[in-house]
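Chemist: Now for the letters of each chain:
Protein chains: 2
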Amino acid sequence: MPGREHFAPGLTAENCKMSEAAKLAVIGTVAIDQVETPFGKRERVFGGSASYFSYAAGLFTPVALVAVVGEDFPEEYRGILAERPVDMTHLKTLPGKTFCWKGQYGNDLNTAKTLETQLNVLLKFKPELTFKTQPKYVFLANIDPALQLDVLNQLDRRKLKYVACDTMNFWIENKRAELLKVLARIDCVVLNDGEARQLTQEPNLIRAAQKVRAMGPGHVIIKKGEHGVLLFYNHEFFALPAYPLENVFDPTGAGDTFAGGLMGSLAASGDLSFASMKRSVALGQIVASHTVEDFGLEALRRISQDNIRERLEIFKRFCSF
Amino acid sequence: MPGREHFAPGLTAENCKMSEAAKLAVIGTVAIDQVETPFGKRERVFGGSASYFSYAAGLFTPVALVAVVGEDFPEEYRGILAERPVDMTHLKTLPGKTFCWKGQYGNDLNTAKTLETQLNVLLKFKPELTFKTQPKYVFLANIDPALQLDVLNQLDRRKLKYVACDTMNFWIENKRAELLKVLARIDCVVLNDGEARQLTQEPNLIRAAQKVRAMGPGHVIIKKGEHGVLLFYNHEFFALPAYPLENVFDPTGAGDTFAGGLMGSLAASGDLSFASMKRSVALGQIVASHTVEDFGLEALRRISQDNIRERLEIFKRFCSF
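Each protein sequence line maps, in turn, to chains P and B. Start counting the first sequence at -1; every next residue gets the next number (this note's numbering). Start counting the second sequence at -1; every next residue gets the next number (this note's numbering).
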């Protein structure tokens, strides 16, 4: 089958099913968002870094979701997660309301303005990992670095193969010490360009990435929204444009589903070579390109691995010379 | 020889020499600039859109320079142009001073702030083309669209193979009617992202490019500085990141030398297929990546086709997955 070798092993025409213990786990937020873009406003969108991540990763491999919700968390949203092989054993319900983020995008759709953040049950969240078989791949999605550290402390390092994390401007500014401790203990960090510059105080992204690597992670991935993504590892480098889209509808979750596609592909293949990293970054980009075509998870819910395969082939043609 | 087929024919280990009538001509400005970057300030830098273009194109093919200078134009600058196969027959000297641009770059190095523009002899410039053999490839570099039209009117359309143009925010705002007339008569336009948005009032670059194509040019190229370049043609699309640089010293001339590399490569090969366009866009990017590593033409003066070949091979590895 032509081009077959370019796909992560395990990425077949059929979607992934939960058949064994998840090799991949994510800790992060599960949220009820309110999102406003130039194209419309939507109340109560199913969101959160870990929701987006796990739904996207579930296209490639079973994934364990470590997160907290409140008593108001709709059964309907659980049903959405169940459309993919998402293990919800560690999705805890606490008294109170689910975490809520309200954001707004301007005409350029590049940066979200946070209108309101209600932490709610997140304030009481103490993750307790009780895996029978510890996942080898772990993603610490955007959440308080103190919680990311807490999770790292509960994991048996010897059983880990690859740990990556995300973060955001708020933690870089307000929890820098904790974040640096996380960075010192992981294999990969995924940042956007503004965060990389903020973390390092270095305007040049190539030098910023080198400074981030000096903080610990061997792999540094810098997301640049509509301008694509950069991957750094030792003296290796990979740059990929964004998949060209005429209609970007809602950028929320693009970064989280990028990371989900990336980590899902890596965990499914078990291959951490640079070639596999590049392929997985490209697959992450493709997943994210679907995400932004509708509110919340709506666009991702409509796609299968066939759609990803199709867009990946087009993407390869668009980028090769 | 491995990878040989990826180079434009004519791009050999030796640099290009003037041996026959130029197949490529450029009209644009020749200037004496004053440039200030976070890394230093330089008075009297040899600049101008046509100078940068012809010096870069001269790496690939002989190029005829159509421009005007004042009586103060240093003999030394003529000597710099003569380092490449630049035909200066159409470089006219008029009484008065050479065009002068003074610009300043902030820390992000992405956009130049124009401090002063002294048009000087440009105000009296009336290009008169007296080619024995009319070049088949023409680049209308950034200059008043009225002059671009004037040149187009003097050319025999039947003998033209490919005409491209550049422009800038000032002409889009103040000479829109003339610019639209130019666009209706050319094969390719090279714009930066801000100019594409300004020209079309469309924030999404993919849709903006489609709108520009509807104005005339079959090929639309959108330059995004540190974020690379996009090429549009019918249903074809090509996206290329920027060559990664740790040290961007002075971005002046990046766009003009990109166009010079692109058009030089196209004219040298005589191949206008989409594959050749992609290769030429990549070569343009490589030439521009050298340009920005020093003030003015200084970095380009130090390189040969071997350096371009070397960087192109690295670039291909950086972009492929």
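Misleading hints may appear alongside valid ones.
[Claimed, not checked] Here are the simulated DSS-like cross-link-like pairs (lysine-lysine), alpha carbons at most 25 Å apart as the crow flies: (1) B/K179 x B/K209; (2) B/K124 x B/K134; (3) B/K276 x P/K314; (4) B/K276 x P/K276; (5) B/K124 x P/K314; (6) B/K159 x B/K314; (7) P/K276 x B/K314; (8) P/K90 x P/K122.
[Said to hold, decoys possible] Distance windows between CB atoms, simulated: (9) P/Q152 x B/S271: 53 to 63 Å; (10) B/K159 x P/K15: 50 to 60 Å; (11) P/N167 x B/T91: 27 to 37 Å.
[Unchecked claim] Per the computed footprint, the stretches of chain P lying under chain B, defined by three or more beta-carbons under 8 Å from a beta-carbon of chain B, are: (12) 178 to 189; (13) 274 to 281; (14) 309 to 317.
Bear in mind the hints are in silico, worked out from the structure with no lab data behind them. Even for Gly, the Cβ is constructed at its ideal location relative to N, Cα and C.
Chemist: Run every hint past the structure and note whether it holds.
Modeler: Right, here's what the structure says about each hint:
1. B/K179 x B/K209: holds, 15 Å
2. B/K124 x B/K134: It holds: about 21 Å lies between the C-alpha atoms, which stays within 25 Å.
3. B/K276 x P/K314: Holds, at roughly 13 Å.
4. B/K276 x P/K276: Holds - the C-alpha atoms of P/K276 and B/K276 are around 21 Å apart, at most 25 Å.
5. B/K124 x P/K314: violated, 47 Å
6. B/K159 x B/K314: It is violated: about 29 Å lies between the C-alpha atoms, which goes past 25 Å.
7. P/K276 x B/K314: Holds - the C-alpha atoms of B/K314 and P/K276 are around 13 Å apart, at most 25 Å.
8. P/K90 x P/K122: It holds: about 11 Å lies between the C-alpha atoms, which stays within 25 Å.
9. P/Q152 x B/S271: 53 to 63 Å: Holds, at about 58 Å.
10. B/K159 x P/K15: 50 to 60 Å: holds, 57 Å
11. P/N167 x B/T91: 27 to 37 Å: violated, 55 Å
12. 178 to 189: violated (count 0)
13. 274 to 281: n = 4 at 8 Å, threshold three: holds.
14. 309 to 317: holds (count 3)
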